[in-house]
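If you read the sequences in order, they're chains D and W.
Here this note's numbering is used: the first residue of the first sequence is 1, the next is one more, and so on.
Here this note's numbering is used: the first residue of the second sequence is 1001, the next is one more, and so on.
Keep in mind that the hints are not guaranteed to be accurate.
[What the hints assert, rightly or not] Capping the alpha-carbon separation at 27 angstroms, the derived lysine-lysine pairs in DSS-like fashion look like this:
#1 W:K1271 with D:K206
#2 W:K1271 with W:K1178
#3 D:K252 with W:K1271
#4 W:K1137 with W:K1114
#5 D:K252 with D:K272
#6 W:K1079 with W:K1114
#7 W:K1271 with W:K1137
#8 D:K306 with D:K272
#9 W:K1044 with D:K272
#10 W:K1079 with W:K1044
#11 D:K272 with W:K1091
#12 D:K272 with W:K1204
#13 W:K1178 with W:K1114
#14 D:K272 with D:K58
#15 D:K272 with D:K206
[Stated by the list, open to error] Far from chain W, by Cβ distances over 12 angstroms, these chain D residues were calculated:
#16 T247
#17 S265
#18 E303
[What the hints assert, rightly or not] On the chain W side, residues computed to face chain D include the following (Cβ under 10 angstroms):
#19 E1053
#20 E1085
#21 L1086
#22 P1088
#23 A1134
#24 H1219
#25 A1222
#26 A1224
#27 V1264
#28 P1269
#29 T1330
Simulated from the structure, these hints should not be mistaken for lab results.
Ideal Cβ positions, reconstructed from N, Cα and C, are used throughout, including at glycine.
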Amino acid sequence: MDQPPILEARDLKAHYITEAFGVRRTVKAVDGVSLAIRPGEIYGIAGESGCGKSTLLKMLLGEFEPPLTPVDGSVTYDFGEGPHDALDMSEKEVAATRWSRVSYVPQGSMHVLNPVRRIGDTFHDFISTHQPMSRRETNERVAAYLAEFGLREGVLRSFPHQLSGGMRQRVTIALATILSPKLIFADEPTTALDVVVQRGVIQLLKRIQRDHGSTLVLITHDMGVQANLADRIAVLYAGKLVEEADTRTIFKAPRHPYTQHLIGSLPTLEDKVARVSLPGRPPALDDPPSGCRFHPRCPYAMEVCKTTVPPLVTLEGGHRAACHLITGEAEHAAATSPALA
Amino acid sequence: MQQQPAQPLLEIDHLTRVFLSRQGLSVTRLEAVDDASLTLEAGKPEIYALAGESGSGKTTLARMVLGLERPTQGTLNYKGRPVGELTPKDKRTWFYREVQPVFQDPFATFSPMKRVDSYLYETARNYRVAEGAAIEKRIDEALGVVGLTLAEVRGRYPNELSGGQAQRISIARALITKPSLLVADEPVSMLDASLRMSILNLFKDLRDSQGVAVLYITHDLATAYYTADRIGVMLRGWIVETGPVERVLGNPLHPYTQLLKSSVPQADPDKAWSAAPAEPPRPVKFPVRGGCKFAARCPYVMDRCREEVPGSYEAEGRHVKCFLYEPGFTGIRPASMEATPVT
């Protein structure tokens, strides 16, 4: 924990700004997110559709194009040789960083692999761009690597459509990890897979992360996957980070009413206790609610919630949450603890 | 049209649907639904979950129940009448009013160019459920059941609705004809977790207050457990285990159900998987002809499993299609899913 974070975002604001016929529209998809990811951990980012997960991912990858615009804040990488800015990399830096140090397992392996190239060709293109290597060398290296993934050498001669969904996802993970990147982002890596296959892929991701000692950022709405994989979890709601804590705390003692509801509404295979859904829907981000963005749906909403944005306060054990109910408590703790000491 | 009261609502007996695909000279047979049986009793509305992975045949079975697909073999009776033999007129004037679908993606169900209430009016007119002003009343009633009113919905386009609202309207549309059976194919898989439970609660409420039976098709065992009374677990066209949901998912007996349950990532760090891998990844193989469809992956496989098709045996209050539960079987049975050996 003494090591500097491998990835740090500070007060990151990224908006989609469009202008058509003189009408300017701003969608505040990521609005003031600060987080620090430690080397070697699995950091989960959870939230519903439209909460800004994918936009945050694009910004953390430094991969954005208009209309997505970084408005404020910073994203820095640190691979043990001093921090460097992820949002302002030259083309040369991007080439040196991407895939070999920072890589990405995309959602929907179905559409990622080139359908008219054999898997082996894709791997060769991919590796030889970063490290000059002959065809024979890449084949040997890739075959050995794929064996770790439980894939036969024959896969190299296959086209993507000849593989099952689980095999394709394994190939995609192999592509993203073969250059031993330090930081891996996985965007809904198992969403389209059947449960039995999903379990295999999740365990594979965990093993690869452990064996390579890499850092994994896992973006998924599936809380079951988060519980099984993540060390720490950040919960996003409407473009804001509302709560962050270690996995056990998020599931067992969440503090933000949204997280509490999210965890409480998950059906389990243990009991049939009635569960309810929150009223309303996640807000549209071009015109988010004032104050706390969760207040129109929050069962504990107070007057202050309608006007003031709650700060993200730090509680015991590095647990962070943004809710007025907690702000007071944190202040109270800060005011009383010196007296106790 | 006379119905005897003793007839079950839905009777499926040894139902099979075969698809043939021709590539050049070779013909591949795919038994999408293979020898499946299940019965929904009349006068006792219940939610029956059909669970399985993709390609297990659950949607094909649902399409047959809806009369959209003809069975190849076997019995499929709705209130005692074979669905495959209904005339188009019978379907229009009776069957389609009785059995209504609810689809997966509410935003794909409704055209983005049309107002959602137009679907409600169309359904009401097409099935002649009412005349004149009574149409609006009937629509408002149906919307009332799902917690909406016509005033709220009138003139709205799908993009103005949340996923949960759109799915409610989709269910209200299905209720306009006062059906006895809803066939809901993955009705919540496109919805966010915070909206999902309200739709599942609605199905339970429909069962209790409206007496509507629901065939709930899903890949998600946790929502099946929450919603359903009984469940059938499908594997490559077979229903391998069926019975009350508490029994089947609480203590699964079929090795495939056990594998499926142990593969569900539970949203609880205390129940995270141990480091042991699930099944070793295997290349997809064609099922062994004649034997059990799970034999190639089953940790308890016996010689006979590769040659004979197991029957459906009664065990611990449910039916299991596995030789381990054949009366007179004397070997060792898998005790519980926790004890499933890892191969």
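These are the hints, each one checked on the structure:
With a CA separation close to 16 angstroms, the supplied pair K1271 of chain W and K206 of chain D stays within the 27 angstroms bound. Restraint check: the Cα-Cα separation between K1271 of chain W and K1178 of chain W comes to about 43 angstroms, which exceeds 27 angstroms; the hinted pair is violated. For the hint linking K252 of chain D to K1271 of chain W, the alpha-carbon distance of about 12 angstroms falls within 27 angstroms, and the restraint holds. Of the supplied pair hints, the one linking K1137 of chain W and K1114 of chain W holds, its CA atoms being roughly 21 angstroms apart against a limit of 27 angstroms.
For the given pair, K252 of chain D sits about 19 angstroms from K272 of chain D by alpha-carbon distance, which is consistent with the 27 angstroms threshold. Between the alpha carbons of K1079 of chain W and K1114 of chain W the distance comes to roughly 35 angstroms, so the proposed pair goes past 27 angstroms and is violated. This hinted pair does not check out: K1271 of chain W and K1137 of chain W have alpha carbons roughly 50 angstroms apart, beyond 27 angstroms. Taking the CA atoms of K306 of chain D and K272 of chain D, the gap is near 35 angstroms; set against the 27 angstroms cutoff, the hint is violated.
For the hint linking K1044 of chain W to K272 of chain D, the alpha-carbon distance of about 20 angstroms falls within 27 angstroms, and the restraint holds. Among the hinted pairs, K1079 of chain W with K1044 of chain W is consistent with the structure: their alpha-carbon atoms are about 13 angstroms apart, no more than 27 angstroms. For the proposed pair K272 of chain D and K1091 of chain W, the alpha carbon gap of about 37 angstroms is over 27 angstroms, so the pair is violated. For a cut-off of 27 angstroms, the pair hint linking K272 of chain D to K1204 of chain W stands: about 12 angstroms separates their Cα positions.
Distance restraint check for K1178 of chain W and K1114 of chain W: the Cα-Cα separation of roughly 24 angstroms lies within the 27 angstroms cut-off, and the hinted pair is therefore satisfied. Taken as a hint, the K272 of chain D and K58 of chain D pair is broken in the structure, with Cα atoms around 39 angstroms apart against an allowance of 27 angstroms. The suggested pairing of K272 of chain D with K206 of chain D is violated, with an alpha-carbon distance near 31 angstroms, which exceeds 27 angstroms. Chain W draws T247 of chain D into its interface by the beta-carbon criterion, the shortest separation being 5 angstroms against a cut-off of 12 angstroms.
Non-interface call for S265 of chain D relative to chain W: violated, since the shortest CB-CB distance, roughly 5 angstroms, does not exceed 12 angstroms. With a minimum CB-CB distance of about 24 angstroms to chain W, E303 of chain D clears the 12 angstroms threshold, and the non-interface call stands. With a least beta-carbon distance of about 4 angstroms to chain D, the hint placing E1053 of chain W at the interface is held under the 10 angstroms criterion. Hint status for E1085 of chain W relative to chain D: violated, with the closest Cβ pair at about 35 angstroms, above 10 angstroms.
Taking 10 angstroms as the C-beta contact cut-off toward chain D, the hint placing L1086 of chain W at the interface is violated, the least distance being around 34 angstroms. Look at P1088 of chain W: its Cβ only gets to about 37 angstroms from chain D, farther than 10 angstroms, so that hint breaks. With a least beta-carbon distance of about 32 angstroms to chain D, the hint placing A1134 of chain W at the interface is violated under the 10 angstroms criterion. Satisfaction of the interface hint for H1219 of chain W is found here, the shortest Cβ-Cβ separation to chain D being roughly 7 angstroms, below the 10 angstroms cut-off.
Annotation: A1222 of chain W was flagged as interfacial toward chain D, and the flag holds, the nearest CB pair being 4 angstroms apart, inside 10 angstroms. Proximity of A1224 of chain W to chain D holds as hinted, the smallest CB-CB distance being about 9 angstroms (cut-off 10 angstroms). Hint status for V1264 of chain W: holds, given a least beta-carbon distance of 6 angstroms to chain D, under 10 angstroms. The beta carbon of P1269 of chain W is positioned within 10 angstroms of a beta carbon in chain D (closest approach about 5 angstroms), and the interface hint is therefore held.
Here the hint on T1330 of chain W is broken, as its CB sits about 30 angstroms from the closest CB of chain D, past 10 angstroms.
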